[in-house]
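Number of protein chains: 2
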Amino acid sequence: MISGKSLIVGTWADGSGTPFSSYNPATNEKLNDFRGVGLSQIDEAVHGSYEAYRIFKSFGFEQRAAFIDEIASEIEALGDELLETCNKETGLGIPRLTGERGRTCGQLRAFASLIREGSWQQARIDTAIPHRKPIPKPDIRSVLQPIGPVAVFSASNFPLAFSTLGGDTASALAAGNTVVVKGHPSHPATSELCAVAITNAIKKHSMPAGVFSLLQGGDPEVSTHLVKHPKLEAVGFTGSSRVGRILFDAGAARPRPIPVYAEMGSTNPVFILPKALENRGNEIATGLAGSITLGAGQFCTKPGLVFMLKTPDQEAFKQALVEAIGKIQIGNLLNAGITSGYKEKISAYVNNPALTALAGTDMASATLFTVKAADFNANPGLEEEVFGPAALLIECENQEEMMQAIDQLGGHLTGTIHSNEDAEAGAIKLALEEKVGRIIFNGFPTGVEVCPSMHHGGPYPSTTFATATSVGTAAIERFCKVVCYQDAPQTHLPLALKDDNPMGVNRLVNGEFTTNKINA
Amino acid sequence: MISGKSLIVGTWADGSGTPFSSYNPATNEKLNDFRGVGLSQIDEAVHGSYEAYRIFKSFGFEQRAAFIDEIASEIEALGDELLETCNKETGLGIPRLTGERGRTCGQLRAFASLIREGSWQQARIDTAIPHRKPIPKPDIRSVLQPIGPVAVFSASNFPLAFSTLGGDTASALAAGNTVVVKGHPSHPATSELCAVAITNAIKKHSMPAGVFSLLQGGDPEVSTHLVKHPKLEAVGFTGSSRVGRILFDAGAARPRPIPVYAEMGSTNPVFILPKALENRGNEIATGLAGSITLGAGQFCTKPGLVFMLKTPDQEAFKQALVEAIGKIQIGNLLNAGITSGYKEKISAYVNNPALTALAGTDMASATLFTVKAADFNANPGLEEEVFGPAALLIECENQEEMMQAIDQLGGHLTGTIHSNEDAEAGAIKLALEEKVGRIIFNGFPTGVEVCPSMHHGGPYPSTTFATATSVGTAAIERFCKVVCYQDAPQTHLPLALKDDNPMGVNRLVNGEFTTNKINA
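Protein sequences appear in the order of chains A and B. Letter by letter, the first sequence follows residues 1 to 520 of the UniProt record's numbering. Letter by letter, the second sequence follows residues 1 to 520 of the UniProt record's numbering.
By construction, these hints were calculated from the structure, which means they are not laboratory data. It is possible that part of the hints are untrue.
Remember, identical chains collapse to one label, so a pair may be satisfied in a single copy or spanning two.
Unchecked claim - Result set (PhoX-like, lysine-lysine): computed pairs, CA atoms no more than 25 Å apart in a straight line:
| id | residue 1 | residue 2 |
| --- | --- | --- |
| 1 | LYS498 | LYS435 |
| 2 | LYS275 | LYS228 |
| 3 | LYS327 | LYS204 |
| 4 | LYS88 | LYS137 |
| 5 | LYS133 | LYS275 |
| 6 | LYS204 | LYS498 |
| 7 | LYS133 | LYS231 |
| 8 | LYS203 | LYS88 |
| 9 | LYS372 | LYS310 |
| 10 | LYS88 | LYS204 |
| 11 | LYS228 | LYS318 |
| 12 | LYS57 | LYS435 |
| 13 | LYS203 | LYS343 |
| 14 | LYS231 | LYS435 |
| 15 | LYS30 | LYS318 |
| 16 | LYS498 | LYS318 |
| 17 | LYS498 | LYS88 |
| 18 | LYS228 | LYS137 |
| 19 | LYS228 | LYS435 |
| 20 | LYS133 | LYS310 |
| 21 | LYS372 | LYS318 |
| 22 | LYS204 | LYS231 |
| 23 | LYS5 | LYS30 |
| 24 | LYS30 | LYS310 |
All figures in this text were calculated on a predicted structure; none of them were measured in a lab.
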């Protein structure tokens, strides 16, 4: 039974704000009633988060890791109820959601392992030189530490992996912070079930209740009030450019500014070079069609811009792509707002004389349009993300037009190069290094591996901080600060900085990386 | 001969903006006339910086390192002229400036060594697993890369080490960026000489001229125009909270926001615990007096707040501190603005009935006031930095009052604990971890070691990003972004990510730190 309540510092409470309901996007059937939280309930949640932080941060790494492992187990213990509830709210289908649940639990366990291993703390030690002239060198040591209460704004397109207990929450908890989640209003029952799971883990591990709160609601005021709370220290957000920027601005304009790590829209340019087209045209067309339509085109890494150089193989490729797209059935979009937004954008494409429709204007398949590079370059709005199964093919007369297009691009999460040792690849790669967070060679941008080297980020407007990733273990760094200790007695040092290195972590000691003890 | 011009992309140009002059703060004698730059000259400098970046970033690490080493040599080659010019403009004295020149050249050479060693790039590699089920794992590699043109705002209080060729410029260049410096108007001839030095290094190493520009001027409009330039990528600033916040806001409010790393005011609380006072009262008094008065109290790490618990030794300590301060002669302050600001603050202290003067209200020595913790806690304005040789002694009736004071504090660069195994030290350290960037035990906060573990930063308002340091080799991270490569051919990978690890850097390979080659 879904209660329709919010979880505020361990108590399930009726929201004192605006009521809303959830809907099945496949059938438009109404599912559940909820009440959004009121402003005083937000204050209560952040205050409780702050009080809990003081306790939670003092727990040992093993306690923290075991708690996070337990969250994963509790998600799994929800069983089919979670998948069925989530499928009703999103229409993403049980196979996809089963995979996404696996990814969500895998992420949590990866962060638990990371905490236990300990090298993520970036311990640095420079030992004293008491007899240095003209003044003695003190002993200096620094390490990453948690920051305090973190707000997480759930995404609609990954109702498990980028939502209530997704990567932002996992990485914030792993660093030793407490979390207040603002649940996405298009899958509130899914969020409630996840909150039940973490509540069970909190009880089993005797964690302070305020370590996690879930605020339900869809009012913009709720979001900005949360970001402005004086005790909040950072924000993780995945969603639209418009909302991401509003929250970023709210964080920056506070009396005490805080970082808002927003992962926003991205159109993920793809460059298909002549030799690759000649050698692998059909293969690329099939792969691209799959990537454009994955999750009904609602991936932040969906390839929305496909650049080609004029070649004899171009027409055959276009035809192969149209055919491949035509074979793929598109499911419903995530909610009514996304559906109407998508239709509006496609209708603008149809009415744009510079664009030619190749597929999907009947909405029976993904949509594909083509445009000459000169027109694309003269019309910067065409770079904007179309959230849904649509892509734009940009036909470049020559490399100069292609390079000019890259130079004009804003920031994107990814850029893809298909090259069979094509001469143009080097220049394109160099240019993309200034424009995207991840450069994929001869592959497709959807599918974001969870691993230490993954960078799911990119220059603005794809994110608000080009140094930050929201996927992979480096995501933990967003929710840490550096604390440095000078001439501290051993008893006052964090574990990772103690002489005998009890965790055995990799440390930068007097400029060299080592797991050795000091003076041993 | 000082030209009074600005260096704009390799050309010495008369500023088209507001004229200003430099003064000797010890004698009020006028020294040189300058013309501040106009807005179109700023545009020219940043545009040239952007063009130069595309060339500079492609140079090898050895080329970059040799260029930075050369800058240090060229500073030294300026000889006594630099020291004498700088002393006239700042009155800081030749011995101090000789030391600061050594620090400045040492910083540059430390960054040159860092580049050559290469591990600062944080290379991460996760190798492919082609047969993984359900889908193959791609090869993912990530590394830090430069970001583009960086603006550096010079500080008045370190006319060499935090100015034209100081730590911000050194770390930005080391990462592979180009730099536009806005020189501080209170030491413009010193800035000009430093610009001559780097111009020589640019010529000797055939660097693009736009790699460095120096803009002279004091108009606030010049500063905000620079921060708002669309091609700028980041800002380093050292100075007042007021100006730092203006620039931070300008950076955040841009159509494309950029980070403004501002290191601003700090009052650096010191906690002297009873047993330390009993055992080392005189020693602490002498050290503290030296730290308060170093550089006429114009260090960002000057201890301005000294907290004590009520003990029988308290009065003797106060007397010892007053005596020690009385023995130290204070030089001139850096400029007329700082002098009048200091006098205003001291006059407000004198007129505050909660404060009692202990020393220096005649301005013959540093000033020392005392206040009861209850009054301090009721008067949050007393936490604000007094830039100059002043400190406030806060007398706490008990630990509770002391802890309440810490809880109310904003962010500071440092916090200091004097403890001889005092029981209170643990709780104070835990509380300070949330408030300061560096915790010093039984020492003094002035004197900031340049080393990998140094963190010269702290929570707002001491800086705008609690993760960033402006001293030490980690300062380079502020001016980098992450770029990730998926399934990239070896030829397209940056050096640090190539299989055979030609630089021999420390890398995180499949979760383990190693300098090993891949598949070797």
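Structure-based check of each hint:
Taking the shortest alpha-carbon separations for LYS498 and LYS435, only the inter-copy value of 22 Å comes in at or below 25 Å, while the best intra-copy value is 41 Å. Taking the shortest Cα distances, LYS275 and LYS228 never come within 25 Å of each other, neither inside one copy (53 Å) nor across copies (42 Å). Taking identical chains as interchangeable, the C-alpha atoms of LYS327 and LYS204 are never at most 25 Å apart, the minima being 49 Å within one chain and 62 Å between chains. Taking the shortest alpha-carbon separations for LYS88 and LYS137, neither the intra-copy value of 64 Å nor the inter-copy value of 31 Å comes in at or below 25 Å.
Taking CA atoms no more than 25 Å apart as the test, LYS133 paired with LYS275 passes in neither setting, with 64 Å inside one copy and 30 Å between copies. Within a single copy, LYS204 and LYS498 get their C-alpha atoms no closer than 31 Å, and across copies no closer than 46 Å, so neither meets the 25 Å cut-off. Proximity of LYS133 to LYS231 under the C-alpha cut-off of 25 Å is found in neither arrangement, the shortest distances being 45 Å within a copy and 44 Å between copies. With identical chains, the CA atoms of LYS203 and LYS88 are never at most 25 Å apart, being 29 Å at best within one copy and 68 Å at best between copies.
Taking identical chains as interchangeable, the C-alpha atoms of LYS372 and LYS310 lie at most 25 Å apart only when both belong to the same chain, with a minimum of 10 Å there against 79 Å between chains. Proximity of LYS88 and LYS204 under a CA criterion of 25 Å is satisfied in neither setting, with 30 Å inside one chain copy and 69 Å between copies. When the C-alpha separation of LYS228 and LYS318 is checked against a cutoff of 25 Å, the pair qualifies neither within a copy, at 49 Å, nor between copies, at 42 Å. Taking the shortest Cα distances, LYS57 and LYS435 sit within 25 Å of each other only across copies (15 Å), while inside one copy they are farther apart (37 Å).
With identical chains, the CA atoms of LYS203 and LYS343 are never at most 25 Å apart, being 46 Å at best within one copy and 58 Å at best between copies. Taking CA atoms no more than 25 Å apart as the test, LYS231 paired with LYS435 passes between copies only; the shortest distance there is 13 Å, against 35 Å inside one copy. When the C-alpha separation of LYS30 and LYS318 is checked against a cutoff of 25 Å, the pair qualifies neither within a copy, at 41 Å, nor between copies, at 73 Å. With identical chains, the CA atoms of LYS498 and LYS318 are never at most 25 Å apart, being 62 Å at best within one copy and 35 Å at best between copies.
In this homomeric assembly, LYS498 and LYS88 never come within 25 Å of each other (Cα to Cα): the closest approach is 51 Å inside a single copy and 47 Å across copies. For the identical chains of this complex, LYS228 and LYS137 are neighbours neither inside a copy (42 Å) nor across copies (41 Å), given an alpha-carbon limit of 25 Å. In the homo-oligomer, the alpha carbons of LYS228 and LYS435 lie at most 25 Å apart only across protomers (19 Å), although the nearest pairing inside one protomer, at 31 Å, exceeds that limit. In this assembly of identical chains, the alpha carbons of LYS133 and LYS310 never lie at most 25 Å apart, being 68 Å within a copy and 38 Å across copies at closest.
Proximity of LYS372 and LYS318 under a CA criterion of 25 Å is satisfied intra-copy only: 14 Å inside one chain copy versus 79 Å between copies. Taking CA atoms no more than 25 Å apart as the test, LYS204 paired with LYS231 passes in neither setting, with 27 Å inside one copy and 53 Å between copies. Taking CA atoms no more than 25 Å apart as the test, LYS5 paired with LYS30 passes inside one copy only; the shortest distance there is 17 Å, against 71 Å between copies. Taking the closest pair of Cα atoms, LYS30 and LYS310 never come within 25 Å of each other, the shortest separation being 50 Å inside a single copy and 66 Å across copies.
Hints 2, 3, 4, 5, 6, 7, 8, 10, 11, 13, 15, 16, 17, 18, 20, 22 and 24 from the list above are not met by this structure, while the remaining hints are.
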